[in-house]
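Starting from the given sequences, assemble the full structure and let the hints guide the process.
Protein chains in written order, with our numbering: chain A, 1 to 433; chain B, 1 to 528.
No wet-lab data here; the hints were simulated from the structure.
Note that the coordinates shown come from a computational prediction; the quantities given were computed from them, not determined experimentally.
Heads up, some of the hints might be wrong.
Stated by the list, open to error - The calculated DSBU-like cross-link candidates involving lysine-lysine, where the alpha carbons are at most 35 Å apart (straight line), are:
(1) A:Lys244 <-> A:Lys319
(2) B:Lys86 <-> B:Lys60
(3) A:Lys78 <-> A:Lys236
(4) B:Lys86 <-> A:Lys319
(5) B:Lys216 <-> A:Lys192
(6) A:Lys199 <-> A:Lys236
(7) A:Lys78 <-> B:Lys224
(8) B:Lys60 <-> A:Lys199
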Amino acid sequence: MGFPHPSHPKETVVLSRHFGDPAARGFRGWVDRGGYEGLRKALTMSAEEIVAVVKESGLRGRGGAGFPTGLKWSFMPKPSGKPHFLVCNADESEPGTFKDREIIRWTPHQLIEGCAIGCLGIHAERCYIYIRGEFTEPWRILVQAVEEAYANGALGTDVFGSGRRIDVVVHRGAGAYICGEETALMNSIEGKRGNPRIKPPFPAQAGLFGMPTTINNVETLSAVPHILVRGAEWYKGLSLASPKSTGTKLFSVCGHVQRPGNYEVTMGTPMRDLIFDMCGGMRPGRTLKAVVPGGSSVPLMTADEVEDCALDYEGIAAKGSMLGSGGMIVMDDTADLVRVVWRFAKFYAHESCAQCTQCREGTAWTAKVLERILQGKGTAADLQLLQDLAEQMTGKTICVLSDSCAAPVVSAIRKFPAEFEAYLSGRREPVPA
Amino acid sequence: MPDPATGVTVTIDGVAVVVPPGTTILEAAKRAGVLVPHYCYHPSLPSPAVCRMCLVEVEKLPKLQPACVTTVADGQVVHVNSATAKQARQGVLEFLLINHPLDCPICDQAGECELQDYVFQEGRSGTRYAEYAKRYSPVEDFGPDILYVPNRCILCTRCVRFMSDVAQAPLLNVSERGDRAYIGIADQQRLDHPWAGNVVDLCPVGSLLSKDFLHKARAWDLDKTASVCPGCTQGCNISIDTRDEVVVRLRPRPNLDVNRHFICDHGRHDYRWLNRGDRLETPRVRRGAALEPEGWPAALDAAADLLRGATGRAVVLASGRASTEALGLARRLVDAHAVTAAIRVPLGDEAPLPAVPGLALRRERVPNLQGAELAGYRDAWDEGIAALDGAGVVLLLDVELTDAERRALGASGAPVLLLGTVDGPECHLATVALPVTNMAEEIGTYVNRDGRVQLYRAAKGAPGMAQPAWWVAGELLERLAPGVAGPATAADAFALVAQGVPALAGLSHGALGFTGRVVALEGAGATA
Numbered sequence: 001m002g003f004p005h006p007s008h009p010k011e012t013v014v015l016s017r018h019f020g021d022p023a024a025r026g027f028r029g030w031v032d033r034g035g036y037e038g039l040r041k042a043l044t045m046s047a048e049e050i051v052a053v054v055k056e057s058g059l060r061g062r063g064g065a066g067f068p069t070g071l072k073w074s075f076m077p078k079p080s081g082k083p084h085f086l087v088c089n090a091d092e093s094e095p096g097t098f099k100d101r102e103i104i105r106w107t108p109h110q111l112i113e114g115c116a117i118g119c120l121g122i123h124a125e126r127c128y129i130y131i132r133g134e135f136t137e138p139w140r141i142l143v144q145a146v147e148e149a150y151a152n153g154a155l156g157t158d159v160f161g162s163g164r165r166i167d168v169v170v171h172r173g174a175g176a177y178i179c180g181e182e183t184a185l186m187n188s189i190e191g192k193r194g195n196p197r198i199k200p201p202f203p204a205q206a207g208l209f210g211m212p213t214t215i216n217n218v219e220t221l222s223a224v225p226h227i228l229v230r231g232a233e234w235y236k237g238l239s240l241a242s243p244k245s246t247g248t249k250l251f252s253v254c255g256h257v258q259r260p261g262n263y264e265v266t267m268g269t270p271m272r273d274l275i276f277d278m279c280g281g282m283r284p285g286r287t288l289k290a291v292v293p294g295g296s297s298v299p300l301m302t303a304d305e306v307e308d309c310a311l312d313y314e315g316i317a318a319k320g321s322m323l324g325s326g327g328m329i330v331m332d333d334t335a336d337l338v339r340v341v342w343r344f345a346k347f348y349a350h351e352s353c354a355q356c357t358q359c360r361e362g363t364a365w366t367a368k369v370l371e372r373i374l375q376g377k378g379t380a381a382d383l384q385l386l387q388d389l390a391e392q393m394t395g396k397t398i399c400v401l402s403d404s405c406a407a408p409v410v411s412a413i414r415k416f417p418a419e420f421e422a423y424l425s426g427r428r429e430p431v432p433a
Numbered sequence: 001m002p003d004p005a006t007g008v009t010v011t012i013d014g015v016a017v018v019v020p021p022g023t024t025i026l027e028a029a030k031r032a033g034v035l036v037p038h039y040c041y042h043p044s045l046p047s048p049a050v051c052r053m054c055l056v057e058v059e060k061l062p063k064l065q066p067a068c069v070t071t072v073a074d075g076q077v078v079h080v081n082s083a084t085a086k087q088a089r090q091g092v093l094e095f096l097l098i099n100h101p102l103d104c105p106i107c108d109q110a111g112e113c114e115l116q117d118y119v120f121q122e123g124r125s126g127t128r129y130a131e132y133a134k135r136y137s138p139v140e141d142f143g144p145d146i147l148y149v150p151n152r153c154i155l156c157t158r159c160v161r162f163m164s165d166v167a168q169a170p171l172l173n174v175s176e177r178g179d180r181a182y183i184g185i186a187d188q189q190r191l192d193h194p195w196a197g198n199v200v201d202l203c204p205v206g207s208l209l210s211k212d213f214l215h216k217a218r219a220w221d222l223d224k225t226a227s228v229c230p231g232c233t234q235g236c237n238i239s240i241d242t243r244d245e246v247v248v249r250l251r252p253r254p255n256l257d258v259n260r261h262f263i264c265d266h267g268r269h270d271y272r273w274l275n276r277g278d279r280l281e282t283p284r285v286r287r288g289a290a291l292e293p294e295g296w297p298a299a300l301d302a303a304a305d306l307l308r309g310a311t312g313r314a315v316v317l318a319s320g321r322a323s324t325e326a327l328g329l330a331r332r333l334v335d336a337h338a339v340t341a342a343i344r345v346p347l348g349d350e351a352p353l354p355a356v357p358g359l360a361l362r363r364e365r366v367p368n369l370q371g372a373e374l375a376g377y378r379d380a381w382d383e384g385i386a387a388l389d390g391a392g393v394v395l396l397l398d399v400e401l402t403d404a405e406r407r408a409l410g411a412s413g414a415p416v417l418l419l420g421t422v423d424g425p426e427c428h429l430a431t432v433a434l435p436v437t438n439m440a441e442e443i444g445t446y447v448n449r450d451g452r453v454q455l456y457r458a459a460k461g462a463p464g465m466a467q468p469a470w471w472v473a474g475e476l477l478e479r480l481a482p483g484v485a486g487p488a489t490a491a492d493a494f495a496l497v498a499q500g501v502p503a504l505a506g507l508s509h510g511a512l513g514f515t516g517r518v519v520a521l522e523g524a525g526a527t528a
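This is the structure:
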């Protein structure tokens, strides 16, 4: 639902059904709303059956990459005597994204239940929830919910009398965006500096503490109980455009819309409907200029591209961008896109872990060039330089942080050349950065 | 066709090589004679693949691959010098230079700097970063011999990994993030680990500097000589770097079986004795109270007369830094006598390098204990000193004696033949004193604790009239034993010594190469 607004008729509320309802936070309240039925059902199933259902549902990773969840789970080895780990990535730090935060704030048991089922699916007895350090309130709520889950037998050495053991450990981050990258996150849990690791080995072979590990986003795991209860067919049916994108997706809409907030829609819903109906469109007298559809790491979209774009992995990819995390930043005609991409670049320059040369130096240089342009000192050569830097920063590093810095810059230059022209020609007043 | 279990075939820049499975592209390329430029990779350290300099094009793969961590696959075709790979390297070099001070004219690394080399080889000729100030941080004092110049640092993290993974003393870290990152040192700690000096060698740029070598010499003015560390019985392979006949530093020389790419700080810093100015430079023969300078022929004749006329027990006191050749031939000079032959072995604390099995600064602080034992000497200095009482003749081979030992020597009344490097108080007790070279001035072999016979080479000229001790002993042998020809070269001297030492049989200088050969030590010595 578009919390704090009531849900819109065009939404399909599954994960967000109980947003805004404080009674849903407690264990009892959650059970009263049908909670933990999925886990009870999972306890009667084999790991292979659980994975098969999730595979069949078409659920894909909601953290940004969109990798099929069931397939990821199936990469885990058979029980081998080594501990397996499930890691829940709750380090939601992508600028423009705030969906996981609301899931944890309002329905922590929905996530815990998903984590427990995930553990059963991958032969794990322990799940680490790595929660962003700045999420103080969600952390408090989550820790309390985990305690309640233990007290009520949903976690612990004998989950709901099944004899199965599932532990959930909540681990707080310390304020690094890069720790949302899965291998950096694992290093961080291990007490090391949060630097991404080289792959291979992939987490399913050697992940957390060198053990087979699966890592899933909060929204992904939160969808799992619903899939188990209502079935893969139901989930698969939630698809309006591409059959490869199923279920519902939460979009965190911010920026120049009348009603910003989280909106849960069926995959394939027209982007127009989300922006203009559910979010109430632009402010009076304003027109849409650009949309960042999936968090600050993805290429920008023009108003024209928004017109006929379906909100799913394929639909947004067809417009040259990415669904990403679903953090949607909407900008009307008052937005200064040079300033916007400068702010993004500054963020990446600040958050680069400093391992790879291209990222460490390239993000900072990109921010500096954009700053020059903002100050009215830019030249046409700077645009070429930005694109050269972006080329060097794309596909050449351990993780995709530098790619993420480059993508919005390149798309802004390509799709909104007039924004840069305005600064280069002196038509737009220089802005002190 | 190679067996896929033992070898895979890869083609690198058109050169096909067969390498064991699991070999990285970078190492396979070395076999193919292709250098993949790199910074963070080092064969003795774990690879983090962070510098991204070694990105290469692999056919059928969409992205460039880091050659340092990507293992070869059979039939793979790799392009190190394709336009795409070169462009990526040029990009990395440009990024590395934007915050690099380019203060090469005052940087110790200039001339042996991998950043300089690769930029010169394939970097851009100009900068596109002209408008901005470079990152600045002041020089940090990391430890007794180590300075950190953050401005020059390219964050390859070799130093961090050496300390954490090899020395297993995680004193260094990467602090901060993004382009503010720098190498940090643990709070309140000093980089004073016994092996810490290696971080200076590992640093591909001039960011970690040795205070000892600071502004001492330009790299291109140095002559480098393959040698063996005289610091302990480990026998680490080193390079002696000299400038104008002066040893200015010792650096490790790779030998995967002995010291990999490392040497300890004790060995690294103990080189000034090689440059001593108080050298014995002229042969001298005692005439009454005076020790008078002589030419070599007359001095050798006098020494031969001394030995010929001697009766009774011979006592040989030798330095464990002497070559196997010198020790062996000197011992042969007194073969006709009952002999007490001893070397002095100073002891210190053992300091292992944890991640390299079998590598440590050893307690026994001489390089040739095993060689001396093979040649018939014993690690029994006190017995040697005790035997001075009643000795018929004493032979000193480059030893320095304490006051008490000199008194014992004087009291014995025996004639003393001295072969020495230093014009010290021992000379006053000599009947004949002959100047010999130190290990940096001669060719010779040391036998390390594992029986590895290793060749060291002459790094600088000898002072005055000094000659290698093997030559001096050989000349004397020729005079004493008709039919024996004194060796003309160190290799001849080795062959002569090897005749009497079963363990060395069949070995020759030519067979030792740059990494030495291992011989069996057990019961193989000439010691009766």
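Quick rundown of the hints versus the structure:
1. A:Lys244 <-> A:Lys319: holds (17 Å)
2. B:Lys86 <-> B:Lys60: holds (18 Å)
3. A:Lys78 <-> A:Lys236: Status holds; Cα separation ~27 Å.
4. B:Lys86 <-> A:Lys319: holds (32 Å)
5. B:Lys216 <-> A:Lys192: violated (39 Å)
6. A:Lys199 <-> A:Lys236: holds (31 Å)
7. A:Lys78 <-> B:Lys224: violated (57 Å)
8. B:Lys60 <-> A:Lys199: Judged against 35 Å, a Cα distance of about 18 Å means the pair holds.
Hint compliance for this structure: hints 5 and 7 are broken, all remaining hints hold.
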